[in-house]
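Q: Using the sequences and the hints given, assemble the complete structure.
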Amino acid sequence: MTTQHITVTVNGEAREADVEPRLLLVHLLRDVFGLTGTHIGCDTSNCGACTIHVDGESAKSCTMLAVQADGRSITTIEGMASGATLHPLQQAFWDQHGLQCGFCTPGMIRQAAWLLGQNADPSEAEIREGISGNLCRCTGYVNIVKSIQQAAGEMRTAAETQVGAQPVAAS
Amino acid sequence: MTTETTPRTSPEIGGMGHSVKRKEDPRFIRGAGEYIDDLVLPGMLWLDIVRSPYAHATIKGIDASEALKIPGVLAVITGADLEKAGLHWMPTLAGDKQMVLPTTTVMYQSQEVAAVVATSRYIAADGVAAVLVDYEPLPVIVDPHKALEPGAMVLRPDRAADKQTNRIWHWESGDAAKTDAALAAADVRVSEDIYIPRIHVASIETCGCIADWDAVRGQMTLHMTSQAPHAIRTVLALVSGLPEQNIRVKTHDMGGGFGGKVPVYPGYVLAVVASLTVGKPVKWIEDRSENLQADSFARDYHIHAELGATKAGKITSLKVKTIADHGYTDAAADPSKFPAGLFNVITGSYDFDNAFVEVDGVYTNKPPGGVAYRCSFRVTEAVHAIERMVDILAHDIGKDPAQLRMENFIQPEQFPYKTPTGWEYDSGNYGVALQKAMDMIGYDDLRKEQAAKRAKGELMGIGISSFTEIVGAGPSHDFDIIGLKMFDSCEIRVHPTGKVLARIGVQTTGQGHETTFAQIIAEELGFPVGDIKIEYGDTDTAPYGLGTYASRSTPVAGAATAMAARKIRDKARKLAAHLLEASEEDLEWEPGKFSVKGSPDRFKTIQEIAFAAYTNHPAGMEAGLEAVDYYDPPNLTFPFGSYICVVDIDKGTGQVHIRRFVAVDDCGNIINPMIVDGQIHGGLTMGLAPSLYEAITYDELGNNLAGTFMDYLVPTAVETPAWETGKTITPSPHHPLGAKGVGESATVGAPPAIANAVVDALWHLGVRNVDIPMTPQKIWAILHEKGIS
Amino acid sequence: MHFEGSVPIRASRERVWAFVTDPDQVGQCGPGVEKIEVMDPTHFKATAKVGIGFISARFVVNMEFAEQQPPDRALIKAHGQAPGSAVDATAEMRLSDGADGTTVMDWNADVNIAGTLASVGARLIEGTANKMIGKTFDCMRTKLEA
Amino acid sequence: MIPGQFDYVRPADMAETLRILKDREGEAKLLSGGYSLLPLIKLRLAQPALLVDLRDVAGLDGIAETDDYLRIGARATHRQIHEMPMVRDRYPLLHDVTAVIGDPQVRNWGTIGGSVAHADPASDWPAVLLATSSTIICRSQSRERAIAAREFFLDTFTTAIEPTEVLTEIRIPRRPRGAGGAYQKLERKVGDFATVGVAAVVRLGANGRIESAGIGLTGVAETPFAATDAEAILAGNAPAEELFRKAAAAAGAQSRPAGDVRGPVEYKRAMAAELTVRALRTAVERALANA
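Protein chains in written order, with my numbering: chain A, 33 to 203; chain B, 189 to 977; chain C, 113 to 258; chain D, 909 to 1199.
Watch out, some of these pointers could steer you wrong.
Heads up, simulated DSBU-like pairs for lysine-lysine below, C-alpha to C-alpha not over 35 Å straight-line [as the list claims (entries may be wrong)]:
(1) D/K1154 - B/K974
(2) B/K587 - B/K974
(3) B/K502 - B/K644
(4) D/K1097 - B/K334
(5) A/K178 - B/K211
According to the in silico footprint, chain D covers these stretches of chain A (three or more CB under 8 Å from chain D) [unchecked claim]:
(6) 37-43
(7) 67-78
(8) 110-116
(9) 120-134
Some chain C residues flagged as far from chain D (calculated, every beta-carbon gap over 12 Å) [claimed, not checked]:
(10) Q137
(11) T154
(12) F166
(13) R170
(14) N174
(15) F177
(16) P195
(17) S197
(18) S208
(19) I237
No wet-lab data here; the hints were simulated from the structure.
Glycine residues also receive a C-beta, built at the ideal position from the N, C-alpha and C atoms.
A: Quick look at the structure:
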C-alpha cells in the first residue's frame, strides 16, 4: 500500500508524515506524533474521548483519516495550557472535581472549549447538549457541568476586563 | 450521628474532612496522564486476537498461512501451540477453569481463537482478518433456565457438579425451615420474579497490557490495566512457573475500572506468551467491541423472592431462590467462601428474624459472568430485590412506602445488629437518612401532586430506596480470593526533610487515592498533604495488597494507612521525648507536633522529629521513620443511604423522565467531601444506566446485540439528571478512621429507587414489577396492554 | 430466521430438478456469487460477495446436497464464513406439478447469522436476507423460463 | 478497530472527481464528512477500494434561497445549516432536524449530501426531503440530473445515484405562506439513530383547511419513505386532533419496520403513528404562525 505525504499543523507547529491512507487521525497524533493526550474510547464515534479541534471545529479523531487532516490545523489537549498557565477550562475541571479517572477528560475539555467558542454563556441544558457526544463513566457529569460554568464565567470576565484585548481563546 | 464534617486539621494540613483538590489532576487536565496505550517500549510488537463468530462451535482447523504471508506478521498463536506448554487453560479467581485459547470448542461469541503478533497494530489487524478458522456450529444455550432443564446439553462436562447438568454450584444461607414456617404464618405474602440483566462496566478505557520478557535477566515485566496487580503477579507465577521475584506487574493511570479490570483475561496471557516466545515487548489493547463482547460481565440474576408480613406491615420473613448465569465459566472475583458474593445481605435495612436465600450458578454459552459493575459481590442484586419487595408490600397493603420502611428499619440502638443470614451490621441510623431525603425532596407535596396528576390521567411516580451496603472485604477468617486473605496494606517512609512517601496495596482507577490517602496521613501525622506522595500499582515496590474493588480501598487499605501512620507516631513520640528531654507520658499530640503537657511552647514539630530520626536518634533506637501495616479488618463496614426519585412517564412513547433524584448517603466519617460527592454522582449515573438504558442482550444464537457503544447505551449528560446529594454521618465503630467506603453505594442504591418510581407511576394500572432496563418499548407495551397508550 | 415461499415455474419437473441440483446452474443464482467450485456431486463451494449497498463481505460458502429425492425434494445445507461473521442455512425445496405443465417449488429456509454482522447489523439483517432469498428464486425462475 | 486497506485521492475539482468515478466505476466511494462511512470501514463491514475525498471540490457548499427553492450544497454541514439565520427563521423543520442528528462533533463534520447519499434506513435527512418533496441534484461526466426525493431512496443504503455520479446539491421547495413543518425523533438516547423519525409539512389554505401535506418517515422500513396514505387523509381537511390521529394511523400502517433492539414491530408502528401526530401538531402551529 502506497503512503501519502501529509503536512499538518499541530498545536501551532507544522509537522509532516508519510502515512497509509487508512491511518486514523487519532493514531497519527498518538502513535506517529507521540501526542498521547488524545484517547480512544469506543471506535464508533460515540464516546468523544478522541475529540480535538480541526480547523477550529471539534472533531472525533477516531473517525477521521490522517490524510483528511492534510493541510489543516489541529489543536489537542496538549496545546491548551500556555506554559505553567492552565486554560480556564483546565483550571475549572481541577477546581470543580470535573474529572476522576481522567480518560475522557482531554476530549471533554476540547469539546467544552469548542462549545464556549460558540456560546460564551451557555445554560445548563446547553452545556449538557453541547457535551452529549462525550461519554464520562466516572463523574455523573454534575461537576463537569460546574467546571464548564466556572470557565465560562471566568472567560467572560476576562474578555470584559481586557477591553480592546483579544478574548481568551477557546481553542 | 451528625450531618457535618468538621476537620480537625487546618486547611494547610488538609487532613480528613477537607475538600482538597486532587493531586493527580494536573497531569490529566494537560493530557499528560500515562495510560497503558500511551506506553511505547523499544522494539515493541503488537498482538491482536482472532475471535469466534459462533457462540458454540467445534474448531476443525485453523489456517494461518495467508496471515503469515503478510509482511510484518511474525507469528500466529493457536490453542494447539499453548497446549504443548500446558497454557491453554488457566484458573479463574473463582477456582473455575477458563480457556486461554480453545483447542477444540469455542463457548461464546467473540471468544479468543488465535493471536497474531505483528510489527504494528494495523498489520496485526490485517493478520487477524486473514486467519481462516474452520468451525462446525453446535447448538447454543443462552437461557440459564433452559440450561437447567433435564436433558439439556452439558456445556462443561469437565466442571459441572455432577457432570450431568449445567449447574456449577448451589449455595444457601439462612434457615429454610424457620423461614418456611414464618411465611406460612404470615398474614400477607408477596412474591415476585425479578430479573437483573447482564451489564458491562464499559470503562471508557478498555483493557490492555504490554508484556516485556527480558531473557537475559529472566525478568517478566507486565504493564497492565489491573485493579489487583499483586494477585495477578501471584497467579502469573503459579501458572507460568516463573519465579515470583522475577515478575513485576505494573499498572499505570487507568481509565476507569469498576471491577472490569479485576479478572485475568486471555489477552494478557497471550501477550505474556508472545513476549516469552519472541523475546520482545508485546502490546495488546482491546477495542470497544472486544471489551463489550468478551470481557467479564455483571449481574444476570434471575431472582424469585417471597416476603411475609403482618397485616400492619411488619416484615417477618423473606425467601429467595435465584439462578445466576455465569456464562461458560465462573470467573467471578467473589471471596471463595461466597460463590454468590454477599447476596445474603438481602434482608437489607429491615429488622426481621427469618430469611433463607439459595442461589444456583449455571453455565451458558456466554462470556464469563458474575464479576462487577461498580459492585462485585452481588449487593446490587440483593438491594434491588429487597427494595422492590418492600415497595410491593407497601403498595399491596396500602401503606405509604416511606412509612412502611420507617416501621421496619433496624433501629439505631440495635447496632451492632446480627442479621438472620449471619452478618453483623456495624452501625446505622436509617430513619434519619430517609427523613432527610424526604425533607430535601418535599415528599408530602410530591404525593399530593401525584394524586392530582393521576386524577388527570398523567403518570407520575415517586420511588424510594433505603439500602444497606456491605463493603470492606474483608476479615481474613472469612474472606480470601484463591486462598489470598483479603487484608490490605500501607508502607510509609518519612524522609529526613519531613517529606513523606507512602505506598499502598490498593490501586486507583480514578477514585483519587493520591489525594485521599495523603489526607489520611496528614490527619494522623500532621504533615501537609502537599508533602505526601502516594504510590501504588508497582508490585516491585508496593506492599502486597488485594486491590481495589468492592469499595474496599478506604475500609481496608485506608485503615492500614492510619495504622501505619500511628506506628510512626508512636516512634515519633519516642523521638520527641528524646529531643524534649521529657518522658513519653508527658507529651501530648496535636496534628503536626508533640508538646510537653502544660508547656505548650516546648514542642517539636513532626518535621523536626523526622529530621532527628536520621540525625539525632537516641542510642538503642533504630534510625529512620518508617512503618508498614497489613490490616485485617475485624468486620465489614455497612454504609447506607436513602434515595428518592421522581419520574414522569410519557404515555405516548413510554419514555421515563427522571424529574428529580435526591441521594442521602451515610458512609461514616468522610476523608474528602468533594471526592465523596464525586463518587456518589458517578455511582448514581451507573445506577441510572442499567435502570433505563444499558443491557447486554443476546439473540438465540448467542450473538451479543450490544457489541458497540452504538447499542450499549451509556448515558450522556443529557440523559443524566442533575443529582442532588445529602449526607448523614454515622461512623463505623471498628474502623480506625470511622470511615466506611462509598464507591459502590450509589450504584447499588439507585436502581430500585428508579424502578420503584416507575412502578409507583403504574401501580394503579395493576403493574407490580417492571424489570430493568425500563426501556420505552417495555413501558409502552405495558401501557398498550392496559389500554392507556 | 425462518423464511418460506412458493414459486410457480413454467418449466417441467425434470427440467427444474436438473437445474436445482446442478451446482453450476443453481449456483449462478446465489446472491453475489463470484465463483463456484464443484468438489463432488453433492458438495460445492461458492465465493460470494454478499451485502446491501456498499456494505458487503466476501463469504466462502460450502454447500451440500444433504438429501435428494428426485424429482420431489432436495435439502441443501450451506455453511459460509467471512472474517468475523458466519452464516449457516438449511433450505428445503419441494417440487410438485402445477397447472398447465408448470412446476411449483415450495421452499423454506432457516438462516442463522453469527458474528459481527449479527451483532452490529441486526437491524438490517432480516430484511436483507429475505430480499436475497427472493432474488435467488426469481433468478432461478427467470433462467428456467428463459 | 482498524480499517482495511484502501487508496485515497483528493481530486482538485469536479471534472477530476467525475473522471475518477468513471475510471474506477464500482470501486470508488465518495468521502464527505466521513462520520457514517468510517465506522463501517473500521468495522470492516464496508471495504471500498478507493476513497475519493470531495474536500477540495469547489461548488458543493453554500446555502441560499432562490425564487423556487432553498439550495443546499452537498457539503454543507448539519451545523452550517442549523446556524443559518435564514434557516432558523424560515425553515424550522430544517432547524429541528439539524439539532438532533448525531452529536455536536458529528454535526460539525457530517454533511447533508453525505448523509443523503449514504441512505441509512434510520437517518434523519431523508424523512425531511421526502416530506418536503425535495429534489436531489446529481452530476456525472455526461449530464446533470434532478431526482425527486420520492424516487431517490430505493433500498437500504441504496439510492438512485449511479456509481459515476456525484450528489451536488439538495433543493428544498421554498416555504410558502401558510406552510409549516416539524421533525420529531424518538431515540433511545441522544445521538442515536432514530427508532422512528417523522418529518411533517402542512400547507393551510385561506379557508384554514390543509391544502397539502407531506410526511416522511425514517427508521420504520428498509428505507425512509413518504407516508402517502396519511398525506391523502390530511389533504382537504381542517386540521384537528382526530384527523391527525387518523392520518397517523395510516402512517403507522404504511410502515414496514423490522423488529430489533430498538423495539418490536408493533411498538415501532405505534411510535410512527404517535410521532406523526406530534409532528403534525407542531407543523400546523407553525403553519398558522406563518399565515
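Q: State for each hint whether it applies.
A: Here is how each hint holds up against the structure:
1. D/K1154 - B/K974: Roughly 21 Å separates the two Cα atoms, so the pair holds.
2. B/K587 - B/K974: The hint holds at about 24 Å.
3. B/K502 - B/K644: Holds, because 34 Å separates the two Cα atoms, which is no more than 35 Å.
4. D/K1097 - B/K334: 33 Å, holds
5. A/K178 - B/K211: It holds: about 19 Å lies between the C-alpha atoms, which stays within 35 Å.
6. 37-43: violated (count 0)
7. 67-78: As far as the stretch 67-78 of chain A goes, the hint holds, because 4 residues have Cβ atoms under 8 Å from chain D.
8. 110-116: violated (count 0)
9. 120-134: violated (count 0)
10. Q137: Holds, because the least Cβ-Cβ distance between C/Q137 and chain D comes to about 26 Å, which exceeds 12 Å.
11. T154: 33 Å, holds
12. F166: It is violated; C/F166 is separated from chain D by about 5 Å at its closest Cβ, not greater than 12 Å.
13. R170: Its Cβ does come within 12 Å of chain D, the nearest being 8 Å, so this is violated.
14. N174: 22 Å, holds
15. F177: 31 Å, holds
16. P195: The assertion about C/P195 is violated, with a minimum of 7 Å to chain D.
17. S197: 9 Å, violated
18. S208: Per Cβ check, C/S208 is outside 12 Å of chain D; nearest 31 Å; holds.
19. I237: 8 Å, violated
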